[in-house]
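Asker: In order, the protein sequences belong to chains F and G.
Everything in the first sequence is counted per my numbering, starting at 100 for the first residue and increasing by one.
Everything in the second sequence is counted per my numbering, starting at 3 for the first residue and increasing by one.
Where hints are given, some of them may not hold.
Stated by the list, open to error - Cross-link-like lysine to aspartate or glutamate pairs, in silico, EDC-like; alpha carbons within 16 Å at most:
| # | chain 1 | residue 1 | chain 2 | residue 2 |
| --- | --- | --- | --- | --- |
| 1 | F | Lys349 | G | Asp214 |
| 2 | F | Lys284 | F | Asp309 |
| 3 | G | Lys269 | F | Glu442 |
Unchecked claim - Partner residues aside, some chain G positions facing chain F, computed with beta carbon under 7 Å:
| # | residue |
| --- | --- |
| 4 | Ser44 |
| 5 | His153 |
| 6 | Thr183 |
| 7 | Asp186 |
| 8 | Arg267 |
Claimed, not checked - Listed next, the stretches of chain G that the computed footprint assigns to chain F, with coverage defined by at least 3 CB atoms under 8 Å from CB atoms of chain F:
| # | segment |
| --- | --- |
| 9 | 154-163 |
| 10 | 325-332 |
Honestly, the hints are just simulated from the structure, not real lab data.
Ideal Cβ positions, reconstructed from N, Cα and C, are used throughout, including at glycine.
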Amino acid sequence: MGADDNVSSDDNVLVRVENLVKHFPVKAGGFVKHTVGHVHAVDDVSLVIERGKTLGLVGETGSGKSTLARCVAGLIPVTSGTVNFNGRDITNLSRGAMRPLRREVQMIFQDPYSSLNPRRRVGAIIGDPFTVHKTATGAERKRQVQDLMERVGLNPEHYNRFPAEFSGGQRQRIGVARALALRPKLIICDEPVSALDVSIQAQVLNLLADLQQEYGLSYLFIAHDLEVVRHVSDKVAVMYLGRIGEAGPKESLYEHPRHPYSVALLSAASAADPDTAAARQRVILTGDVPSPIDPPAGCRFHPRCPKAQDLCATEEPALVRYKQSAAAEVASPAAAAETVGGEAHLAACHFPVADGESLAAAGTKELA
Amino acid sequence: MTLLEVKDLHVSFPTADGVVQAVRGVSFEVEPGRTLGIVGESGSGKTVLTQTLLGLTPGAEVTGNALFEGADLLDLSENEMRHVRGARISVIFQDPLTSLHPLYRIGWQIAEMIRAHEKSVSKKEARERSIDLLRRVGIPKPETRVDDYPHQFSGGMRQRAMIAMALSLEPKLIIADEPTTALDATVQAQIIDLLLRLQQDSGTALIMITHDLGVVADIADDVMVMYAGRAAEKAPKREVFYSSHHPYTKGLLESIPSSSSSGDRLKPIAGSPPSLISLPAGCKFNPRCAYVFDRCLHEEPVLHPVTESGEHTSACWLPSRAAGLSEKAEELREEAVREHRGEEAAEVAATGDEGAGD
């Protein structure tokens with residue numbers, strides 16, 4: 100890979116997140132609460148989301164992926180760092196200053212049952228954005244809502260129905276229509292298909308792909324299902340305990356994972372194919388994800404890592420760039436331009452995994 | 003000898019809106035030491051099916067037989083069932099947090115299970131056995147963790163504790179109902195690995211209920227695919243994955259994103275599953291089926307063998323040779339459709355295609 104393709108020029112970048120930190124205070128005490136610690140939900144994360152592209156974000160429960168998404172959407176204030184949207188710094192804007200931006204960034208949530216108000220009609224739910232942003236009223240609003248409904252595969256005649264009258268997949272379509280209403284540039288999809296049955300999941304994934312093409316949307320796509328992420332994403336980032344462990348173009352990351360955690364995660368993903376399942380060497384990690392209140396020193400993955408050595412417990416590895424070729428060869432420390440979400444394949448590990456290296460044997464380490 | 007033999011089981015629930023026909027004539031067998039995977043989407047009846055076997059569906063109208071170790075589970079009194087449930091057949095549910103009592107210590111809950119069935123066991127012995135079980139399922143420092151409360155365990159550890167409890171009386175059959183659905187990928191791998199290992203050690207038979215074909219590919223010997231309360235297809239695992247016959251199984255396999263589908267459009271199944279109160283006539287899959295022809299609209303197919311060995315059965319009117327995902331199988335299917343599709347079916351197929359974007 101040449102040097103020219105590792106940086107996306109800023110024209111291509113829709114979102115640039117730099118050194119983002121989000122800590123939540125942990126309170127204790129009775130009448131007078133005091134802070135006894137912080138949940139390190141997101142710790143020093145930098146990434147870019149390119150225009151018209153999809154950045155997939157994978158990680159387990161508590162890895163901070165949803166918090167990161169909420170920071171990008173400006174739904175919660177950040178502790179430090181900056182979020183740049185479309186060339187403009189939007190970090191910790193006031194509610195009023197944020198409002199015009201809300202048109203450009205929308206979210207689709209996981210649970211189509213709890214993210215729709217059960218007492219409001221579908222037309223009102225999808226039409227709300229028009230009212231709030233005063234872009235259409237009356238008959239014009241109804242026409243636009245019905246256009247949207249048709250676009251996402253709902254029957255426009257169902258304008259006056261309640262969410263309870265729709266199936267799970269149809270409700271998720273309502274959520275998509277609502278997110279689409281103001282023609283946003285970025286849609287943050289937080290586990291949009293994990294509550295749906297497989298046959299319905301495929302319908303919604305196809306819809307999201309069509310809409311991306313039609314409207315040039317960018318997606319930040321969060322999911323725990325690695326095959327779904329591989330299917331929809333251009334670039335993928337793997338999060339673990341508030342940090343990005345590895346990131347890169349999806350082919351490179353899925354075919355040549357360097358971080359032991361990515362290797363374990365990929366080997367744990369279930370393939371719907373008995374021969375693949377039998378041939379695969381499973382890396383069974385010991386233990387659970389540690390508490391983000393007091394994350395491990397050094398590399399955060401070291402207590403569960405089959406390759407961990409003394410160095411890992413003391414020194415935190417930085418993201419470095421890897422060549423996409425066979426050998427796990429370190430080119431150089433990641434330059435500022437080589438951010439997560441760009442063309443470079445980056446991993447933060449002192450002892451990266453080489454192609455063909457087996458972690459399965461080492462994976463049986465006893466839990467301390 | 004067959005461990006469990008279910009014959010023509012029907013389960014329905016009378017409700018204010020009508021009769022919900024949750025299970026409509028399902029037959030299957032489980033052999034000792036083998037794993038049967040039951041796959042289906044929400045509302046396919048897979049959970050009701052197994053809960054009925056254990057007498058956990060009060061208010062349901064049940065007909066059929068379920069022979070387990072010579073006795074019909076459906077004829078047992080509540081008292082007799084209590085001796086089977088937990089001791090001979092145990093269950094692992096999806097959500098370990100709601101299946102454990104939040105106010106009792108983990109060890110106490112396992113010990114209680116043992117002492118409820120084996121009256122001669124002392125409290126001390128039961129505790130020792132609990133610690134031993136927790137060690138077997140991979141809980142670190144079981145001597146101290148045995149006194150923890152459920153909230154002190156992580157999701158994966160709770161599911162391990164549930165497995166320990168399920169194993170405590172060395173049952174002949176374990177029914178695992180979506181045991182890994184609530185867990186993260188790496189923890190899911192741990193639990194499946196554990197179940198496989200324990201099964202090898204103890205020779206217990208396992209019924210694995212899941213919506214995840216990946217889990218089935220990992221763990222099952224035989225697979226039954228359910229749709230709208232019936233078995234659509236039943237076969238040894240490899241047959242289901244590599245030469246599936248029923249269009250629903252084929253559709254499920256094709257709608258899963260995989261490395262080979264990356265970047266392409268997925269092939270979803272059009273429409274959504276039918277309401278169990280007002281089921282369509284004929285084959286229940288016909289409104290969503292791409293190969294629908296006239297017979298499908300009027301006659302409901304039953305499971306029949308599609309291979310010579312008779313192990314692979316499918317409830318579909320398509321010719322037996324039209325199995326698999328290959329182009330040749332596709333030609334056979336299309337040929338059958340050309341020959342048998344009349345006007346009526348063509349209309350159904352047309353509305354189905356329209357719904358494909360739905």
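Asker: Run every hint past the structure and note whether it holds.
Answerer: Hint-by-hint comparison with the structure:
1. Note on Lys349 (chain F) and Asp214 (chain G): the hinted pairing is violated, with a Cα-Cα distance of about 23 Å set against a maximum of 16 Å.
2. This hinted pair checks out: Lys284 (chain F) and Asp309 (chain F) have alpha carbons roughly 15 Å apart, not beyond 16 Å.
3. At most 16 Å may separate the alpha-carbon atoms for a hinted pair to count; Lys269 (chain G) and Glu442 (chain F) exceed this at roughly 29 Å.
4. Taking 7 Å as the C-beta cut-off, the interface hint given for Ser44 (chain G) holds, the closest approach to chain F being about 6 Å.
5. The beta carbon of His153 (chain G) is not positioned within 7 Å of any beta carbon in chain F (closest approach about 14 Å), and the interface hint is therefore violated.
6. Using the Cβ-Cβ criterion of 7 Å, the hint placing Thr183 (chain G) at the interface with chain F is not satisfied: the shortest such distance is roughly 10 Å.
7. The restraint placing Asp186 (chain G) at the interface with chain F holds, with a minimum CB-CB distance near 4 Å, inside the 7 Å limit.
8. Taken as an interface hint, Arg267 (chain G) checks out: its beta carbon lies about 5 Å from the nearest beta carbon of chain F, inside 7 Å.
9. Only residues whose C-beta sits within less than 8 Å of a C-beta in chain F count toward coverage, and the segment 154-163 of chain G has 4 of them, enough to reach three; the restraint holds.
10. Here the segment 325-332 of chain G counts 0 residues with a CB under 8 Å from a CB of chain F, which misses the bar of 3, and the coverage is violated.
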